[in-house]
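Peer 1: What follows is the residue order along each chain.
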Amino acid sequence: MSFVRFAVRRVAEMAATLLTASFVVFGAMYLAPGSPASFLLAGRSASPEALAAINAQYHLDDPFLVRYFRWLGGVLQGDFGRSITYRTDVSRLLADRLPVTLLLITMALALVVAVGLFLGRIAAVRGGAADSAVLVTTTFAVGTPSFAAAVLLQGLFAVRLGWFPSSGSGEGLGDMLWHLTLPAIALALYLTGMLARVTRSAMLEALDSEHVTVARSRGVPERQVIRRHVLRNSLGTVLTTGGLIVSTLLVCTILVETAFGIGGIGQLLELSTTTKDFPTVQAVSLIIVALFMAVNLVVDLLLPLVDPRVTLGSRKAAA
Amino acid sequence: MTAVLTRRPGLARIRATGSPLHLLCLGLVAAVVLAALFAPLLVPYDPNAVDLGNALAGPSAAHPLGVDAAGRDTLSRLLLGARTSLLGPLGVVVFSTVAGIAVGTAAAWRGGWVDSVLSRSTELVFAFPGMLLAILIISVYGEGLLAPVIALAVAYLPYVSRLTRSLVLAERARPYVSAYQVQGHSAVQICLRHILPNIAPVVLAQSTINFGYALMDLAGLSFLGLGVPALTPDWGRMVFDGQTAIQHGYPLSAILPCAFMVLTVVAFNVVGERWADRVARRDR
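If you read the protein sequences in the order shown, they are chains A and B. So the first sequence is numbered by my numbering: it starts at 1 and just counts up by one. So the second sequence is numbered by my numbering: it starts at 1001 and just counts up by one.
Okay, the calculated bits of chain A under chain B, using three or more residues with CB under 8 Å as the criterion:
{"id": "1", "region": "24-30"}
{"id": "2", "region": "140-146"}
{"id": "3", "region": "237-250"}
{"id": "4", "region": "258-269"}
{"id": "5", "region": "281-289"}
Label pairs and their computed distance ranges (CB to CB):
{"id": "6", "chain 1": "B", "residue 1": "Leu1041", "chain 2": "A", "residue 2": "Gly172", "range": "55 to 61 Å"}
{"id": "7", "chain 1": "A", "residue 1": "Thr88", "chain 2": "B", "residue 2": "Leu1041", "range": "51 to 57 Å"}
{"id": "8", "chain 1": "B", "residue 1": "Gly1249", "chain 2": "A", "residue 2": "Glu13", "range": "48 to 54 Å"}
{"id": "9", "chain 1": "B", "residue 1": "Val1098", "chain 2": "A", "residue 2": "Arg218", "range": "50 to 56 Å"}
Derived by calculation from the structure, the hints in this document are not laboratory data. The C-beta atom is built at its ideal place from N, Cα and C for all residues, glycine as well.
Let the sequences and hints guide you as you build the complete structure.
Peer 2: Here's what the structure looks like:
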């Protein structure tokens, strides 16, 4: 199978899954007990006129599939409907809040990749005490929920020591970076531990293989063996965790943004869930799912380029 | 993760041997479970007894771990919180394990369209991170413990079913299965009586690891105020309640539940990982 055909097939598969996901996200609202109108009113009583207005605004008199396709058509044009609590377009809310979240996730991702790969490499190459230290540290890192990390970092570095602001997201890039440092660390902690472990075991596996022994016996310098034969070989395994890393970042950002009072889409999802603002919940959920799938797609397409031994389409499931 | 089973790793072979860290973690798991079971007998105070005059007091003889912002005894809330904090993940793990084994076995045994339908739906569930699915369901059905537990169980199901599927496929190729088939045993009988006991340790080890993750996810939902109802003692909820106190420089009532969560999750992870290593001879 040629690369282009493989790419086209993967994109089509992703579109199909995304379509089903959108159906799940939209359909969930209609599983709710009671009529959609009473659900949208969230227990508030309304006059018959108000009820009729709501029915008209959300086209609740149309059959379900008609509504679904109208919503989907809107989504494809960037129109996610109107927020019930904020009384503005959801797309506007998203445009306001997405940049902060993306910046936070990018910072966390940079930390995860830099520190995770470093620790994994040290553990695998040095062994001994370094290995044990990394194992113990990562054991605690993967056992710490991100919100607990957020609260603890906040208590120590923001309140006790006063090095960082304890909440908000700041104005201007420099200020934002300063405000988002602690949240990014809290967000990155769990994944750094996970990536370090994956890197470590992938590198240990590569170190065990015969081509490394051959390279060493031929007198290739150790640095070069590590870089060109061990690290290069374990890159594929590390890359397969990409989708998991990004989806975890997207989910944990809900907790971290709430803990630090950062006005991103994570906090938006939390607020709109508590206030039963369903159009907003739908939009944010769909964006999270879409971002996750997009990253998985990129990983799938990159994998054969990074590791030519991977036959197209037979990506080993990242367990 | 391919599990190569060269012998029948019966449950009886699981012994508490080896590293001190592992023993320590086994002890921790036992301690937390016992604390949760006997919490009502152990607690010194009513967990919801409010004493505003004594709010945020530090550790004292009367309150060994201090009190929170509403003057509630932290030790009592921690002990009783262990019940909710462990019961939720237990529900998630039991449901996802039972359903996951059923789905995975069916997919591997029947093959064909059953397999592809189940694999497709698995991929769809994978697209929804557990917590997102839970939030989606909570936004429809409202807060409570049941909705998130069911949502997380559904989200964890694919991990179990995929593992089960690969294990059953490996078992199916082995001669003893054909032997039973020749003798006229039914598929259900072979799966339940012979394959299931063979794959159980590996699946249960994975479920033990899942327990820690489910605990973190459920605690996260409680922290968002979307999990357990407000007055129920729960570790995640305690961190949420303690966050304002931390801002005012009284971190104890938030740090303690965090520490309990981390220790419990680490203990379950270490025990589960080690078990998985033993039964599946898995590489770390």
